[in-house]
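> Chains P, R and G supply the protein sequences, listed in that same order.
Per numbering that gives the first Met the number 0: the first sequence = residues 0 to 425.
Per numbering that gives the first Met the number 0: the second sequence = residues 0 to 471.
Per numbering that gives the first Met the number 0: the third sequence = residues 0 to 428.
Bear in mind the hints are in silico, worked out from the structure with no lab data behind them.
Beta carbons: idealized from backbone N, C-alpha and C, even for Gly.
Fair warning: there could be bad hints in the mix.
[Unchecked claim] Estimated spans, in silico, between C-beta atoms of each pair:
(1) Leu431(R) - Gly91(G): 28 to 38 Å
(2) Asp5(P) - Leu431(R): 37 to 47 Å
(3) Arg15(R) - Asn374(P): 35 to 45 Å
(4) Glu295(P) - Ala303(R): 32 to 42 Å
(5) Asn452(R) - Ala16(G): 31 to 41 Å
(6) Asn451(R) - Arg117(P): 45 to 55 Å
(7) Gly246(R) - Glu295(P): 57 to 67 Å
(8) Ile121(G) - Pro315(R): 27 to 37 Å
(9) Pro394(P) - Arg15(R): 38 to 48 Å
(10) Gly409(G) - Ser67(R): 33 to 43 Å
(11) Leu117(G) - Arg15(R): 50 to 60 Å
(12) Ser67(R) - Asn374(P): 34 to 44 Å
(13) Glu51(R) - Asp314(P): 37 to 47 Å
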Amino acid sequence: MAVSADLRETLVGLVGPENVLTGPETLLYAVDGVAPKAVVFPETRDQVREIVRAARRERLGVLPFGGGTKVGFGNPPAAYDIAVVTRRLNRVVDYSPADLTVVVEAGLGFDRLTDLLRREGQFLPLDPVGPGRSTVGGIVAAGLGGLRRAFYGPPRDWVLGVAAVAGDGELIRGGGRTVKNVSGYDLCRLLAGSWGSLGIIVELCFKVFPLPPEDVLAVLGLPAPADLFGLGRDVWRQVPYPAAILGLDAESARTLTGRGPAGGALLVLFSGVRPDLESQLSQLRSVAGGRAEFFEVVRDDDLPGLWARLCDHPDLVGRDLPVWVRLSVPPAEIGAFAPNVAGRRFLADIAGGIINLYREPDDPAGMVDLRRRANAAGGSLALGRAPAALKAAFPAWDALPAPELMDRVKRALDPDGILSPGRLVR
Amino acid sequence: MTVQIHQRSAVLEAFRAAGIRQVLTDPVEVAIFAKDACPLDQAMPAFVVVAESADDVVAAVRVCNRFSLPFTARGAGTGISGGAVPVEGGVVISLAKLNRILEVDPENRCAWVGPGLVNLQLSEHVRPYGLHYAPDPSSYMVSTIGGNVAENAGGPHCLAYGVTTNHILGLELVLPTGEVVTLGGKAAEYPGFDLRGLVVGSEGTLGIVTRVLVKLTPNPPELRTLLISFRSLADAAAAVSAVIAAGVIPVALEMMDRPCLEVIEEYVHAGYPADAEAVLIVEVDGLPGKVAAEAEQVAQIARAHNAVEVRLATDPEQRARLWFGRRAAFGAIAKLKPNYYLHDFVVPRTRLVEVLTQIRTICEKYGFVPLNVFHAGDGNLHPLIVYDYAEAGAYERALRAGQEIIRVCIAAGGTLSGEHGIGIEKRDLMPLVFSPEDLAAMRRLKRAFDPNNLANPDKLLPLETAGQEAAH
Amino acid sequence: MDHQVKVATLIPGQRTAAGPLADDIRRCVACGICLTVCPTYQVTLEEWQSPRGRIAAMRAVAEGRAPLNERFAAFMYDCLACRACEAVCPSGVPFGRMVEAARVEAERVVRRPLTVRLSRWILLNWALKSRRRFARFVRLLDLYRKIPGRRVLAGIAPGLKMAEAQFGQATDRVDLPERLTPAGPVAGRAVLLTGCVMDFWFRPAHLATARTLVAAGYEVVIPRDQWCCGALHFHNGQPENGRRLAADLVRTVLNYGPDVIVTNSAGCGSVLKEYAELLAETPGAEAAVEFGRRVRDIHEVLLAAPELPNLRPVRRRVVVENPCHLVHAQRLAGVTRQLLGRVPELEVIEPRDANRCCGAAGIFGLERPDMSARLLNDKLAALEPFRPDEIVSANPGCLLQLRTGARERGWNIPIRHPVELFAEGLADG
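Build the full structure now, drawing on both the sequences and the hints.
The structure is reproduced here in C-alpha cells:
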C-alpha cells in the first residue's frame, strides 16, 4: 500500500524531504517482513512529538527504530506505517564526570558514548547486543541485560532520568539527573523494557561508573558438555565477585578462541586491582580443578575485542541460524536446561540465569515444551528472532502477567494504541 | 468521603464477614493511626484493619471498593513525607503483622518476605548465609520492607549498591480493585512492562504489596572506615568529588558540618577534632586488595585537599568508634531544641558547597542555624532545622525556610526528594519539577491501576487545583 | 504556604486532659525508634501496644479528637512502664512520667475485673498504708499458703494467678542490725532503705547490702521507723497516696543525717531519684530535693568506692538480668555486670536481651497476666541455653517473677540480688 501523499507531505514539512523515506529504502527498516510506509529521521524531540501527533490523527502505527539490533524481538507489528529512526537525535546534552551522570539523546550510539566515557575513566556496564550499532534508546527500550548483568544489573538500574514522547504526542519526563530520586512514578523503569509500546524515548540520563583498574577473562575449556553449567554455578558460589560467568558451546568457542574444547568453554570475567585478580584466578583454578582441559587467561589489549565479539553473540554464536531463543530462569535452575542446549549453539549467562540459544526453526513442539519448562521453573522464554512462520505459530513472548493491567497502562500513555502496536501488547 | 453513621455498622459487618479479625473503630484506637512521622498532617480514619494475612488485605480492599472507602496501607509509620497519613473517615490497613520471612533462597540470592518485616531483621536473619539486604535507610531498625518499597528508600550504602528498587525482584500486589497480581520473580527477564519498577516508590497509591521478593547481597570480605576532618567545607566537598573522580565509589560517604559537629561534641563527646569545619566518614568495602588500595587513595586525596586529620579503622570496634558521633547526631540535636524539621533533597554533587551556603543564608534569615549531616556521595542533603514549638511563630518560620530551601535545591538541578518520598509534604511542589503533561501522564497511570481513586488518594501527585495554580 | 497545616492545639506549659504535659507530648516526633525496644510491641506488633501509639492516644485525647475512655485507660495499663523507650528516644521524650500522668486520668474511666480491683485495693490502699498493715497482710498470705488447692482457686480469677505465684512465695526474714560500723576510717553515713516487699521477702539482700557498705567504709544505719517509698502508687495512678508515703520517708530518713541514702531496689531507686519532681508542689519540696540528691543505688556506691580488698574467688556461672528501672529509668546500664566482674573467677553472662523486661513491672502481672507470663517465658527461654548456676536481678518484683518462672520450669537454682553474690566474695563473713 502506498503512503498517502498527505502523510508524506506532513512528514516532509516536519523534518525536510531529505529526512523522509518512502521508496524501496523503507525495506531496510522492515520488521518481521513488513516494511513501513514511511521512514522519518527527526533531529529534535519537537519533531518526534509532531510526528506522533500526525500519526495519531491518522491512527497510524509508529515504531521507534534505533540501531535495529533487536528488531527481531516481539510479535509482528499489527500496524507499521512510520518508522521513527532516532539516529539523528544523537547529542550529548550534558556530561558531568564528577557527578557520575551523563545526559544524552536516545539515538546516540553506544560505542560513541563508551568512547566519551572512557576518556574520563568511566563506563556504562550494559554490554548491549551489537555494541557498534545499538543506540542508548534502543538498549533501554529493550531493557535486555548484558553479559555482566548479574554483577552490574540490567539497563533499568542505570537510568536516572528519561524523556519520551508518549502515544498521545506529549513529551513526558520521569526521574531526574541525580543518583537518588523519589519523585513521582518511576517512568524510567516503566519505559525500560517497554519495547517502544508506551513512548518513543528521546533523552536519557544515565548513572555511570568508574572503569575498573583492570579486567581479566579466564577461558576454561571443558572436555564434556555436561559439566559446563555445573562448574559455572560452583564458580558463582565459591569465587567472590565474578563480573561475569558465561558458558559457550564448543563450536562458538572455537570461532572465538581458536581452540575447540569438546564440552564448550566457561568464561569468567574478573574486574579489579591486580592482587585481587590474581587471588580470584587462583581460587577459580582450584574450583575448576581437573574439570577443565585448558585454562587460559585473556587480558590487556586482547580482551576488549574478544568481549565485543561476545556481546555480538547473535552474529558470533547465531551466525546462519534463523532462530534466537532467549531463555531467562532463576539462576540456580540453569543446570536443568543443559539437555536443551546440548549439541546446539548458545551463549549462557550462568550467573544471571540467561541462555541465548540459536537454532533452526525445526521442532516447534520442542519449543512449546521448552517454554512450558521455563515457565514451570519460574522463568520465561522470548524469541529474539524467528521466521514469520514460526512466529505465527509460536508467540514471541510468554503470556503476560496481569494482561488487563498491562493493557490499561498501555492505554494510559498511548490511548489510541499507535506505538508499536501488537509487538508486546495490543 | 467520610462514612455515614448508618454505613458504619454495615462496613464493620462486611469486614467481619470477610474473615478479618481485628478491626478498630474506637476513636482512641483509630487516632493512633492518624499520622506517621511527618509533622505536617494527620487525619482520623474511620476504621483500622490490622491484617494478619495477605488474604485479610485482599478482603479489606474489596470491602473498601464495595463501600467506596479510601484506604491507606501502613507499615511501621516511620515515613516523614506523610505517605501513611490516612484520609479522614477512610481506612488504614496495617501490615505490621505480615512480617514473616517466607522463603530464603541462598542459591538464587533472594528471599520472599512479608511487607511488615523490619529491614534490619531481614539482614540479621540471612547473616548465616553470608548475605544481607543492601538498602539501609537510617530508619532501618524500625522501618519495614513494605514501607521501603513504597518510598523506594535509600540509605548510606545506596551510592555503591543502589536504592531499594534495584533490590526488589518481585512483588505480590493487591490492586486497588481487589485483584491480586504477581510481578517479576527470580528470573532476570519477564515479558511485559516493568510494573514492579513502577510500583516501587509509588507510595501506596497503586495498590498494596503483600509479598516482596528481595535481592540479597553477599557480605563484603573486607571493610575499612576513614574519618577525615577539614578546615573548610569547600575542601571537604572538593575531596568528595576528587574521590569519585579518582574512580573510587565508597559504600558510604557521609558529611557533617560544623554546627552539627559542635552539637555532637557538646553532648556525646565523640572525640572529633575541635577546629574542624567539616568531617567526612568514608567507608570502602570489597576484596582486600581493592579495599587497601582505595583506603590509601582516599587518604591521599584527603591530604591533598588540606585534610587536618585522617583516622583509619579496620576492625569493627574501631569502626564503631568512628561512626559513634554520626549515629548519635540526631539524639544530640534533640537536646538542642525539642523539635526539628528534617529535609531531604538531592543536588548534583558538584554543587554541594554552593547549595549548602545558600541553605545557611536562608536559615539565618529566618533565625535558624541549619545542621547538616548527609550523604555527600550522592549529593543527598538532609538539612535539619531545629526549633522550639513553644516559641511563637517558630514552627511557621521553619516551614517557610524549608520552602525556600527546596526552591534553591531545585534551581541547582536537584530533585524534590532523595529517599523520603513526596507524600503529602511535597505533593504540591511537584509542578516545580514536572510539567503539566508529565503530571497528567502520572495521573493516567494512577487511574490505570486505581480507577476508583481509593488507594492512598491525595498523595504523591498535586491536588488538582493546586497543580493548576502552580502551573500558571 | 502551600500546605494545609493542621496546627495542634497543645498549649505550651499546660497539663493536658490526657494527663501529661503538652510539652512532653509535643516532644514525640513519631519516628518509631521506640518500637524496636518496646517489649509489648515486639510481642504483639500492635501500634497501640507501643510507646509511640500510647503517646498518639494521649495526643488525641489532649487535642480533643478522642474521648478519655475505657480504651484509653486500657492502653495506658497495657504498658509495662519499663521505660526502655526512653533510653533510645532521640528526642528525649520522658515517657515514664507521661504514662504515670495518663494513668492518673485513666483511673477515672478504667474498668477492671472485680478480683483485680480487689487485689489492687488490698495491696495499694490497705496493705501498703503502713508497716504494721503490711505485716498483717504478709501474715494473711502465710495463712493463705496453707490452703490446699489454692492454686486452682487462683487460676479461676484473672490476675490472681500471677499475684498468687509471686506473693504466694515464702518470705525470708533474717534479722537486721540497726547500725553497723566499719573497723577502719569512716567514709560517711549510709542510710539503707529497706522498703516494703524487699523487707519481707528479701532480707538477705539487705544484710548483704549492709555488709558491702561497711566493707566500702560506710557507717550503716537501718532505721526501724522507715516505710514504703510509694513507687507502686506513683506507677499506678495514685500519686496522692504515693506523695503521702514519700513525704513520710523523706522526713524519717533525713532525721538520721545520711551522707548517702542507699537502695537496692531498682524500682524504688528510680522513684526516689525523682522525689524532687514528684513532691515539687508540696510543703516537703525542699527536703525532697535534699533527699533526692543523696539517693544512690547500691551498685553506684560500690562501683564508686575504691577497690574492695580481698575479694574471694567464686567459681560459678551467673546470668545477669537487668531491671528496667535500673537500666532504663536510672540509666545504670551494665552496672551489675561491672560489679560482679570484680569477683575473681566468677563467670558473668549478660544475655543479649538482659535489658528487656521480664514482665514483672510492679503489679503489671495483676493487670495483664497473659502478657506478663509471655514476657517471662520469652526471657527464660532465651536464658536457658546458658545453663546458669544462678540468676541475679537487682529488683524485688523481677526476683519474684523470675522465681515464679523458674519454679514452673523446675529449675532449682538461686535467684537473688547481685549484692548477695558479691558479698560472698567478701573474705570475712
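> Each of the hints needs a verdict: does it hold here or not?
Hint check results:
1. Leu431(R) - Gly91(G): 28 to 38 Å: Check passed, 35 Å falls within 28 to 38 Å.
2. Asp5(P) - Leu431(R): 37 to 47 Å: Holds - the Cβ-Cβ distance for aspartate 5(P) and leucine 431(R), about 41 Å, lies within 37 to 47 Å.
3. Arg15(R) - Asn374(P): 35 to 45 Å: 39 Å, holds
4. Glu295(P) - Ala303(R): 32 to 42 Å: Given about 41 Å between the Cβ atoms, the range holds.
5. Asn452(R) - Ala16(G): 31 to 41 Å: 37 Å, holds
6. Asn451(R) - Arg117(P): 45 to 55 Å: Distance hint for asparagine 451(R), arginine 117(P) holds at roughly 52 Å.
7. Gly246(R) - Glu295(P): 57 to 67 Å: 28 Å, violated
8. Ile121(G) - Pro315(R): 27 to 37 Å: 53 Å, violated
9. Pro394(P) - Arg15(R): 38 to 48 Å: Since the Cβ atoms of proline 394(P) and arginine 15(R) sit about 45 Å apart, the hinted range of 38 to 48 Å holds.
10. Gly409(G) - Ser67(R): 33 to 43 Å: 59 Å, violated
11. Leu117(G) - Arg15(R): 50 to 60 Å: Given about 35 Å between the Cβ atoms, the range is violated.
12. Ser67(R) - Asn374(P): 34 to 44 Å: 38 Å, holds
13. Glu51(R) - Asp314(P): 37 to 47 Å: With a Cβ separation near 56 Å, glutamate 51(R) and aspartate 314(P) fall outside 37 to 47 Å, so the hint is violated.
Violated hints for the displayed structure, listed by number in ascending order: 7, 8, 10, 11 and 13.
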